Amino acid sequence: MTDGPLDLPTLHGRRLILREWRDSDAPIVQEASGDSLIPILTTVPSTDGEAEALAFIARQRDRLATRAGYVFAIADASDVAVGHIGLFFSSGAGARASVGYWIAPSQRRQGYAAEALGILTAWALNLAELDRVELYVEPWNSGSWRTAERAGYEREGLLRAWERIDGKPCDMFMYARLTTSARSRQAESGDQRLTCS
Numbered sequence: 001m002t003d004g005p006l007d008l009p010t011l012h013g014r015r016l017i018l019r020e021w022r023d024s025d026a027p028i029v030q031e032a033s034g035d036s037l038i039p040i041l042t043t044v045p046s047t048d049g050e051a052e053a054l055a056f057i058a059r060q061r062d063r064l065a066t067r068a069g070y071v072f073a074i075a076d077a078s079d080v081a082v083g084h085i086g087l088f089f090s091s092g093a094g095a096r097a098s099v100g101y102w103i104a105p106s107q108r109r110q111g112y113a114a115e116a117l118g119i120l121t122a123w124a125l126n127l128a129e130l131d132r133v134e135l136y137v138e139p140w141n142s143g144s145w146r147t148a149e150r151a152g153y154e155r156e157g158l159l160r161a162w163e164r165i166d167g168k169p170c171d172m173f174m175y176a177r178l179t180t181s182a183r184s185r186q187a188e189s190g191d192q193r194l195t196c197s
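Quick note: the sequence shown, position 40, residue 40 per full-length UniProt numbering, numbers continuous.
Hints may contain errors.
To be verified - Here are the in silico distance ranges between beta carbons for each label pair: (1) Glu-149 with Arg-15: 19 to 25 Å; (2) Val-80 with Thr-43: 18 to 24 Å; (3) Ser-90 with Glu-50: 20 to 26 Å; (4) Thr-180 with Ile-40: 21 to 27 Å; (5) Gly-34 with Ala-128: 38 to 44 Å.
It is worth saying that the hints were derived from the structure and are not from the lab.
Fair warning: this is a prediction, and the values are worked out from it, not measured in the lab.
For every residue, glycine included, the Cβ atom is placed at its ideal position computed from N, Cα and C.
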């Protein structure tokens, strides 16, 4: 990764905008805190207080400042937040990032997750400092892994006991897409595998 400052772009899709989190988005965080899974799987608070929602929003802004990744509110055509999506840099030597997202319960089943993932992925695949973008999806979460597949991600395997969720070891499907620069290097080498020498 480069050491320069990160700037959060505003990304536009057909119906959605990916933009910075604002304090006025607190109601959607408060709604998400009442979901049975979002607080367990993410950093959304498990209580619906306004102070807790504002603290969540402040943490999202800090992720850019600390170079942890790019975090966006997913907003509809009226610029009202409906969910969250982020591109988080992997620690260690790899030029990898993972995507995480959620849609508030009242906004589901409208294709927002698929569109937001498509918008973010199209942008992320052109980041020169990345070679791959990954998603980790619970095997039971067929809606989420179908969303990943519609966005062009390929399932690479099952990671056994990959993550503890609510104190229990859970398996995850690994999905990934190679970035434009990584695919270009593959094409130049004439091989579908990249080997280091």
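Check: Are Thr-180 and Ile-40 spaced within 21 to 27 Å by their CB atoms?
Finding: Distance hint for Thr-180, Ile-40 is violated at roughly 35 Å.
Next item on the list: Starting from the hint 20 to 26 Å, judge whether the C-beta atoms of Ser-90 and Glu-50 obey it.
Entry: violated (33 Å)
Notebook entry, point to check: Does the hinted range 38 to 44 Å hold for Gly-34 and Ala-128 at CB?
Noted result: holds (40 Å)
Next item on the list: Look at the Cβ atoms of Val-80 and Thr-43 and judge whether their distance stays inside 18 to 24 Å.
Entry: Holds - the Cβ-Cβ distance for Val-80 and Thr-43, about 22 Å, lies within 18 to 24 Å.
Check: That 19 to 25 Å hint for Glu-149 and Arg-15 (C-beta), does it hold up?
Finding: At roughly 20 Å between Cβ atoms, Arg-15 and Glu-149 fall inside 19 to 25 Å, so the hint holds.
Of the numbered hints stated above, those contradicted by the structure are hints 3 and 4, listed in ascending order.
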